[in-house]
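Chain by chain, the residues run as shown.
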Amino acid sequence: MSTNGKPKFAMYWAASCGGCEISVLNIHEKILDVDANFDVVFWPVAMDAKYKDVEAMEDNSILLTLFNGGIRNSENAEIARLMRKKSQILVAFGSCACEGGIPGLGNLGTMESIFDTAFTTESTENPDNIIPSTSFASPQGELHLPKMYTALRSLDQVIPVDYFMPGCPPEPHQIEAVIELVIQVLNGKAHLPPKGSIIGAGTSTVCDECSRTRHEKKIKGFQRIQFIEKIDEELCLLEQGIPCNGPATISGCDARCPSVGAQCIGCYGPAVGVKDYGARLISAFASIIDYDDPEELEEILDSLPDPAGQFYRFNLAKSLLRSSKYAWNGE
Amino acid sequence: MSDKDSKQFEPVILGFTCNWCSYRAADNAGLARSKYPSNIRLIRLMCSGRLDPQFIIKGFAEGADGVMVTGCHLGDCHYVEQNYKTMARFKLLRRTLTQMGIESGRLKLVWASAAEGMILAHEIEQFVDEVRQLGPLNWPIWDHLPEIAEELEVVGEEA
Chain C
1 MSTNGKPKFA MYWAASCGGC EISVLNIHEK ILDVDANFDV VFWPVAMDAK
51 YKDVEAMEDN SILLTLFNGG IRNSENAEIA RLMRKKSQIL VAFGSCACEG
101 GIPGLGNLGT MESIFDTAFT TESTENPDNI IPSTSFASPQ GELHLPKMYT
151 ALRSLDQVIP VDYFMPGCPP EPHQIEAVIE LVIQVLNGKA HLPPKGSIIG
201 AGTSTVCDEC SRTRHEKKIK GFQRIQFIEK IDEELCLLEQ GIPCNGPATI
251 SGCDARCPSV GAQCIGCYGP AVGVKDYGAR LISAFASIID YDDPEELEEI
301 LDSLPDPAGQ FYRFNLAKSL LRSSKYAWNG E
Chain F
1001 MSDKDSKQFE PVILGFTCNW CSYRAADNAG LARSKYPSNI RLIRLMCSGR
1051 LDPQFIIKGF AEGADGVMVT GCHLGDCHYV EQNYKTMARF KLLRRTLTQM
1101 GIESGRLKLV WASAAEGMIL AHEIEQFVDE VRQLGPLNWP IWDHLPEIAE
1151 ELEVVGEEA
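Same order as they appear, the protein sequences are chains C and F. For the first sequence, the positions run 1 to 331 when this note's numbering is used. For the second sequence, the positions run 1001 to 1159 when this note's numbering is used.
A couple of the hints might just be wrong.
[Claimed, not checked] If you only want the chain C side, here are some residues facing chain F, beta carbon under 7 Å, derived:
no., residue
1, D276
2, A279
3, I282
4, A286
5, S287
6, P307
7, R322
8, K325
9, Y326
[As the list claims (entries may be wrong)] In silico PhoX-like cross-links for lysine-lysine, where the CA-CA straight-line distance does not exceed 20 Å:
no., chain 1, residue 1, chain 2, residue 2
10, C, K6, C, K189
11, C, K220, F, K1085
12, C, K30, C, K6
13, C, K220, C, K230
14, C, K189, C, K30
15, F, K1085, C, K217
16, C, K195, C, K275
17, F, K1058, C, K275
18, C, K325, F, K1058
19, C, K218, F, K1085
[Unchecked claim] In silico negatives: residues of chain F with every beta carbon more than 12 Å from chain C:
no., residue
20, N1019
21, W1020
22, L1031
23, P1037
24, S1038
25, I1043
26, M1046
27, S1113
28, A1114
29, A1115
30, M1118
31, Q1126
In case anyone wonders, no lab produced these hints; they're calculated from the structure. Quantities reported herein were computed from a predicted structural model and do not represent experimental measurements. Glycine residues also receive a C-beta, built at the ideal position from the N, C-alpha and C atoms.
Starting from the given sequences, assemble the full structure and let the hints guide the process.
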């Protein structure tokens, strides 16, 4: 408890884009309930705070920490450890913390290739050819920067996590429900779910929530959605040959994308019981291909040019393989 | 798993067979006293269509150097058309894994009827040789990787 008697709340971002923070503000007036019930002690995006202030806090003194972003460098890992020590309830908030997210796609290549793309390719304006390093001798003394890791890890691959709240970003109504639950728990009116649970999501798949009509699926090829002139407004997107990740993705978003004619990209992560999200999608996609001979099959598969990106868009760091061979082999 | 000092690298191969054709083909090979390398560990499924791509990925992640998927010939599936689905899943999975740096030669699809024990034995022998040429895959248990052990030490220090 802080001096004003309210429990403490913190939010931190590691390797992420900041969308999760915005999604928290996107709960509209419910944010006032957060303020009424919590004392926000650490939230780098929203307020000024120093790591040393957090270090000075007593262990377990923060009631609720929402941690978004994956672990890509030593700073991410250090703060993840720090927040774990200071927090009673630590939530992996958003796809990146839960399963690596978009930054996890970096695990398809080597760390060197990422640096090359960022600092030396033609599209980069870097005349002095400056490549970041972990130490820099400035006139005022030596400065140290965080070290980039070989691959990106999800939060639970680095520290124990209490709850997982998926989504890129999590939907406002789900955030509201979770905050409401924590407030209820504070008032003794509800209990927390078992540790390790996925919160703020459903128990079924996106397809189950999707209102589009479905038949027995048989497709003759995949099409990129932007090249389709007219998308059928009623029919299942996958039946139209649009690579929609709904079949393997956990429900909870109210099928927001498919309902407006955009395919599910799988941001909410694997459905309950799925060990490898990409493998399940491979199974789902391949099973509906309608072909008569192997040549035709190859042609149909050619219409899906980036399978790894399609199937592991958000999930690579948490998949069974966790990366490509190039990432650990360094070649 | 692999020992550089030994004369020959012996790959670990997972073999998935279907109850009605390829498992019986393997049985048939045994009855005919035909030999195939013991590198392959055969796992029987009711149908090759039962083969979840997760099994193959888990195999590679946990030490397999190659995976062979076998089933009835197209048109002969005991469950009518499930092996068409097997083939589609297999090819899509192989494209995905190739993109992730796993050589396509580490995955093989073979059709063998219950009478084709000799053919299956020959295919296994050939596949073991091919994977032997490719060398060990040695997919790492991520947190044990020497290159990142240092990173993890830093991570583990205060945790």
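How the hints compare with the structure:
1. Nearest Cβ of chain F to the Cβ of C:D276: about 5 Å, under the 7 Å cut. The hint holds.
2. Interface restraint check for C:A279: the shortest CB-CB distance to chain F comes to about 4 Å, inside 7 Å, so the restraint holds.
3. At a threshold of 7 Å, the smallest CB-CB gap from C:I282 to chain F is about 5 Å, leaving the interface hint in force.
4. Taking 7 Å as the C-beta contact cut-off toward chain F, the hint placing C:A286 at the interface holds, the least distance being around 4 Å.
5. The closest approach between the C-beta of C:S287 and any C-beta of chain F is roughly 5 Å, which is under the 7 Å cut-off, so the hint is satisfied.
6. For C:P307, the suggested interface contact is upheld, since its CB lies about 4 Å from the closest CB of chain F, less than 7 Å.
7. With 7 Å as the threshold, the beta carbon of C:R322 comes within range of chain F, its nearest partner Cβ sitting at about 5 Å, so the hint holds.
8. Look at C:K325: its Cβ gets to within about 3 Å of chain F, closer than 7 Å, so that hint holds up.
9. Using the Cβ-Cβ criterion of 7 Å, the hint placing C:Y326 at the interface with chain F is satisfied: the shortest such distance is roughly 5 Å.
10. Taking the CA atoms of C:K6 and C:K189, the gap is about 17 Å. The hint holds against a cut of 20 Å.
11. Taking the CA atoms of C:K220 and F:K1085, the gap is about 14 Å. The hint holds against a cut of 20 Å.
12. With a CA separation close to 17 Å, the supplied pair C:K30 and C:K6 stays within the 20 Å bound.
13. The suggested pairing of C:K220 with C:K230 holds, with an alpha-carbon distance near 18 Å, which does not exceed 20 Å.
14. Straight-line distance between C-alpha atoms of C:K189 and C:K30 comes to about 19 Å, which keeps the hinted pair within the 20 Å bound.
15. Proposed proximity of F:K1085 and C:K217 is supported: the alpha carbons are some 13 Å apart, at most 20 Å.
16. Taking the CA atoms of C:K195 and C:K275, the gap is about 19 Å. The hint holds against a cut of 20 Å.
17. For a cut-off of 20 Å, the pair hint linking F:K1058 to C:K275 stands: about 9 Å separates their Cα positions.
18. Between C:K325 and F:K1058 the CA atoms are separated by roughly 15 Å; this keeps the pair inside 20 Å, and the hint holds.
19. With a C-alpha separation of about 12 Å, the suggested pairing of C:K218 with F:K1085 holds against the 20 Å cut-off.
20. Every Cβ of chain C is farther than 12 Å from the Cβ of F:N1019; the closest lies at roughly 20 Å, confirming the non-interface assignment.
21. A cut-off of 12 Å between C-beta atoms confirms that F:W1020 is not in contact with chain C; the least separation is 20 Å.
22. The beta carbon of F:L1031 is kept farther than 12 Å from every beta carbon of chain C, the shortest such distance being approximately 31 Å.
23. Every beta carbon of chain C lies more than 12 Å from that of F:P1037, the smallest distance being close to 25 Å; the non-interface claim holds.
24. Non-interface call for F:S1038 relative to chain C: holds, since the shortest CB-CB distance, roughly 26 Å, exceeds 12 Å.
25. Residue-level check passed: F:I1043 sits 16 Å from the nearest beta carbon of chain C, beyond 12 Å.
26. At roughly 16 Å from the closest C-beta of chain C, the C-beta of F:M1046 stays outside 12 Å, upholding its exclusion from the interface.
27. Non-interface call for F:S1113 relative to chain C: holds, since the shortest CB-CB distance, roughly 18 Å, exceeds 12 Å.
28. Against chain C, the non-interface label of F:A1114 holds: every CB pair exceeds 12 Å, the least being about 23 Å.
29. Separation of F:A1115 from chain C is adequate, the least Cβ-Cβ distance of about 23 Å exceeding the 12 Å criterion.
30. Remark: the non-interface label on F:M1118 is consistent with the geometry, its nearest Cβ contact in chain C lying 24 Å away (cut-off 12 Å).
31. Residue placement check: F:Q1126 keeps its beta carbon more than 12 Å from all beta carbons of chain C (closest about 20 Å).
The structure fails none of the hints (numbered hints given earlier).
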